Amino acid sequence: MTKTYRVTARRWEHGWELQVDGVGVTQCRPLADAERMALDYLATELGGEAADYAVDIRHDLGGVEVEAAAVRQRMVEAQAAVDTAADDMRRVVRQLRGDGLSVRDTATILKVSPGRVSQLANDHPKSRKAVPRVGAPRQVA
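Each residue of the sequence shown is one higher than the one before, counting from 0 in numbering that gives the first Met the number 0.
No lab work stands behind these hints: they were computed from the structure. Since this is a predicted model, take the numbers as computed values, not measurements. The beta carbon of each residue, even a glycine, is placed where N, CA and C say it ideally should be. Among these hints, one or two may not hold up.
[To be verified] Restraint-style ranges between C-beta atoms, simulated for each label pair:
id, residue 1, residue 2, range
1, Gln94, Glu64, 32 to 38 Å
2, Ser112, Ala31, 37 to 43 Å
3, Asp39, Val75, 42 to 48 Å
4, Asp104, Asp59, 55 to 61 Å
5, Val91, Asp39, 50 to 56 Å
6, Glu16, Ile108, 56 to 62 Å
Make the full structure from the sequences, and use the hints.
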């Protein structure tokens with residue numbers, strides 16, 4: 000089992016300082032490089048290959064990181080609600096169409112276009128694409 004090292008990323012004038020708990024400090028310019036740099040640092044300091052290690056990057060932004068995590072969580076929850084509503088909409092469309100309502104009448108009832116009713120009734124891939132997906136936040140104990 001690979002040990003996961005907590006890495007705290009703090010902004011400084013030349014990029015990001017990466018404090019690797021129990022090991023030391025390294026740095027990177029763009030935050031996007033933090034994981035790779037921390038893994039390389041661990042391999043250099045402790046031996047082995049970067050792939051032998053795992054890191055959990057935490058951002059220290061003076062409290063804004065907490066708000067960012069909360070917003071991200073709300074986006075994940077909102078996406079789940081949209082997915083559930085879309086499934087419910089497909090079910091209702093199939094029920095109304097199965098009861099003999101026309102595409103146009105079904106569209107009027109649901110306040111969507113007739114084309115959207117056709118997509119939903121046929122479970123077209125576009126009927127599942129309501130908004131861009133948001134990745135779930137990583138959970139580390």
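Checked hints:
Our hint of 32 to 38 Å for Gln94 and Glu64 is violated, since their Cβ atoms are close to 45 Å apart. As the Cβ distance of Ser112 to Ala31 is approximately 40 Å, the hint placing it in 37 to 43 Å holds. For Asp39 paired with Val75, a C-beta distance near 30 Å fails the hint of 42 to 48 Å. Roughly 57 Å separates the CB atoms of Asp104 and Asp59, a value that falls within the hinted 55 to 61 Å.
For Val91 and Asp39, the hinted distance range of 50 to 56 Å is satisfied, since their beta carbons lie about 53 Å from each other. Between Glu16 and Ile108, the C-beta spacing of about 58 Å keeps the proposed range 56 to 62 Å intact.
In this structure, the hints that do not hold are numbers 1 and 3, in rising order.
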